[in-house]
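Please work from the sequences and hints to get the whole structure.
Each protein sequence line maps, in turn, to chains A and B. My numbering numbers the first residue of the first sequence as 1 and each following residue consecutively. My numbering numbers the first residue of the second sequence as 1 and each following residue consecutively.
Worth double-checking, as some hints may not be accurate.
Chain A side only, calculated, beta carbon under 10 angstroms to chain B, not exhaustive [to be verified]:
{"#": "1", "residue": "Tyr154"}
{"#": "2", "residue": "Leu185"}
{"#": "3", "residue": "Gly188"}
Listed next, the stretches of chain A that the computed footprint assigns to chain B, with coverage defined by at least 3 CB atoms under 8 angstroms from CB atoms of chain B [stated by the list, open to error]:
{"#": "4", "stretch": "3-16"}
{"#": "5", "stretch": "137-144"}
{"#": "6", "stretch": "210-216"}
Source of the hints: derived by calculation from the structure; they are not laboratory data. Fair warning: this is a prediction, and the values are worked out from it, not measured in the lab. We treat Cβ as the ideally placed atom computed from N, Cα and C, and that holds for glycine.
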Amino acid sequence: MTLDFASNADYLWALLPEIVLSAWAMVVLLAGVRRPHETPASPEVMAWLSLAGIAIAAGVNGWLYGVTSTDPTAMITVDGFRLFANWIFLLGAALTILIAPPYVARQRLQAGEFYTLILLGTVGMMFMGGTQNLILLFLALETMSVAAYVLTAYNRRDRRSAEGGLKYFLLGSFSSGFLLYGIALVWGATGSVHLPEIGATVEAGAGFTGLLLAGMALLLIGFAFKVAAVPFHMWTPDVYEGAPSPSTAFMAAAVKAASFIAFVRVFMEAFPALYESWYPIMWWLAALTMVVANVVALSQTNVKRMLAYSSVAHGGYLLVALAAANQMAMAGLLFYLLVYTIMNVGAFGVLMVVSNYGEDRLQVEDYAGFGWTRPLLAVLFTIFLLSLAGFPGTGGFMAKIYLLQGAVDSHLWTLAVLLVLTTVVSYYYYLRVAWFMWMRPAPEGQTPGSYWAPLPLSLALIAGAGIILYLGIFPSGLLDGAMAGAEGLGLVRDTLLGLNP
Amino acid sequence: MADIFFFIFAATAIGGGIGVVLQKNPVGSLLFMVGTLASIAGIYVLLDAHFLAAIQIMVYAGAVMVLFLFVIMLLNLGHDYRDDIKTGLLLFLAFATAGAIGGLLARQLRGAADNPILAHFPGPEGMEQLLAEQGIVGAIARPLFTDYVVAFELTGILLLVALVGAVAIAKRKV
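What follows is the structure, given as structure tokens:
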């Protein structure tokens with residue numbers, strides 16, 4: 001099917017996954033409010049209902065591979081980058097919804113609205129990945145962010161949740177202000193909000209250069225807030241620690257992935273000609289994020305907070321890909337985001353089992369004896385931790401290899417060395433949890449066997465660990481997909497180095 | 001004549017903005033903000049964007065600001081006169097940054113009439129023609145429901161998310 005966008009009805013086809021998912025989110029919302037307050041809808045039923053919507057949206061996303069767009073000026077693009085990004089978002093949402101029900105039930109959260117917000121937040125992410133228009137990008141980013149703010153503050157009975165939600169909301173709105181001002185200045189400098197048109201204007205050297213640079217700097221600050229790059233990461237630990245655990249899993253995986261996807265699209269499509277201006281900033285952001293986040297994570301005794309810093313550190317690895325800006329790095333970024341989504345949501349799933357679907361038992365000492373009480377879950381957790389650390393044989397290792405490959409292709413030796421060194425540092429705090437799990441006996445007087453895990457959660461974790469191990473051994477299939485997705489992006493650096501004249 | 005009005009509105013808008021920041025009483029800040037928004041509405045009129053000016057007055061200066069006032073009064077804020085503005089270096093840096101951005105804008109746009117990029121913008125003649133053809137409301141409504149229909153629909157989803165979220169967080173019984 002070929003879309004030329006001569007009629008606006010073509011947007012119905014180009015946006016079919018998003019339309020299906022938002023319509024389904026409203027079905028979930030209505031199903032949730034249909035029940036009286038005394039007998040609320042069961043979280044499991046609502047979860048399966050939401051998953052059905054995600055499955056349909058995923059099917060439609062697969063169908064979109066047969067669709068081509070012939071109009072480069074359309075607001076929505078149908079390229080491989082968008083479709084690959086959609087898989088990441090849908091997978092992140094599906095895994096979150098699979099692991100969430102016991103937490104939602106135990107904490108007596110309102111299930112209907114919870115899943116609706118996850119689905120609508122995912123719609124916002126899919127728009128972020130699919131749009132080439134800065135106005136639409138901003139609206140999509142706000143849709144995703146508002147859903148994330150609410151999901152953070154969702155547990156009314158927990159003060160930390162409210163505190164995290166307020167902090168996230170204030171700092172998030174502040175960073176949205178930067179982004180919006182940046183968009184306004186870029187529009188003023190180039191006369192367009194359409195990314196390829198901006199790119200063409202910039203490349204021709206037309207427009208107001210000073211305004212353009214100021215706008216680009218503001219956009220960079222706004223995105224750096226959203227992806228939690230050091231020194232714009234201050235909100236992350238408190239927000240990730242305070243939020244209900246399923247929300248944290250969703251934010252650390254899918255929300256972060258969406259921010260990176262939009263970051264890449266804006267800088268690769270609109271500002272490739274200014275690469276030499278933004279590359280040093282990106283370099284420093286990547287280096288600082290990797291070093292600071294990994295060093296601070298070393299001293300964390302709260303596992304949830306440790307995973308928050310770990311998520312910041314992974315953002316640093318991904319920023320290396322942005323600094324490298326070649327196709328290999330972009331494919332590595334897509335690969336990394338997919339693997340990271342699986343392993344991060346998986347780690348949060350086991351964390352919820354150990355904390356008994358609450359927010360109390362999160363210290364690393366609470367993991368003592370877990371390994372021999374629930375060997376299967378502990379093995380899965382170990383796989384996720386090893387993959388997060390980037391151990392050979394896991395998907396996380398291959399993902400880091402591809403990022404390294406991208407960095408080396410662009411001759412970024414220092415960043416490549418920093419990536420390896422900080423990865424080695426990160427082994428300590430990941431493996432410490434595994435060590436407590438397997439090597440320390442449970443403390444006296446504690447009754448073991450309180451680690452209850454329902455079947456859907458276990459199945460999701462087993463499937464996730466299976467994919468992680470499979471990708472650790474046979475990564476080429478997914479890498480081919482990622483390479484196809486990154487096609488046309490990141491020719492900047494190659495041209496500069498004379499590799500691709 | 002239009003120039004004189006522009007400078008009056010611009011001065012009141014900027015003065016109001018500074019007033020918002022410098023006031024210690026939130027109600028005072030709010031009234032300065034109403035002044036700023038009304039001055040910007042005046043600038044919209046000078047730019048022939050009459051519909052936008054009316055909406056600006058009704059929605060922002062009217063409805064939103066009144067809601068702000070309700071919230072401040074219902075929560076009984078506005079009795080806390082502590083000096084919450086950082087003084088010294090931070091204050092200087094804040095104004096220096098704002099001044100630098102303003103200076104950059106002025107420098108870039110001064111004598112820029114021959115910059116080819118300006119062809120992307122309609123300019124006064126283009127605006128007059130557009131208004132004559134489509135009317136004040138049509139000039140906004142037509143792009144909103146044709147070129148920007150996707151953005152329009154996405155705004156609907158954004159509002160739904162905000163509404164569902166606000167109800168979920170602020171509900172009396174949980």
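Each hint tested on the structure:
1. Contact between tyrosine 154 of chain A and chain B, as hinted, is supported at the beta carbon level, the nearest pair being about 7 angstroms apart and thus within 10 angstroms.
2. Of the supplied interface hints, the one on leucine 185 of chain A holds, with its beta-carbon coming within about 8 angstroms of a beta-carbon of chain B, less than 10 angstroms.
3. Interface restraint check for glycine 188 of chain A: the shortest CB-CB distance to chain B comes to about 8 angstroms, inside 10 angstroms, so the restraint holds.
4. Against chain B, the stretch 3-16 of chain A contributes 3 residues with a C-beta closer than 8 angstroms to a partner C-beta. That satisfies the three-residue criterion, and the hint holds.
5. Under the rule that three or more residues need a Cβ within less than 8 angstroms of chain B, the assignment of the stretch 137-144 of chain A holds, with 4 such residues.
6. Figure legend: the stretch 210-216 of chain A, annotated as covered by chain B; annotation consistent (3 residues with Cβ-Cβ distances under 8 angstroms, at least 3 required).
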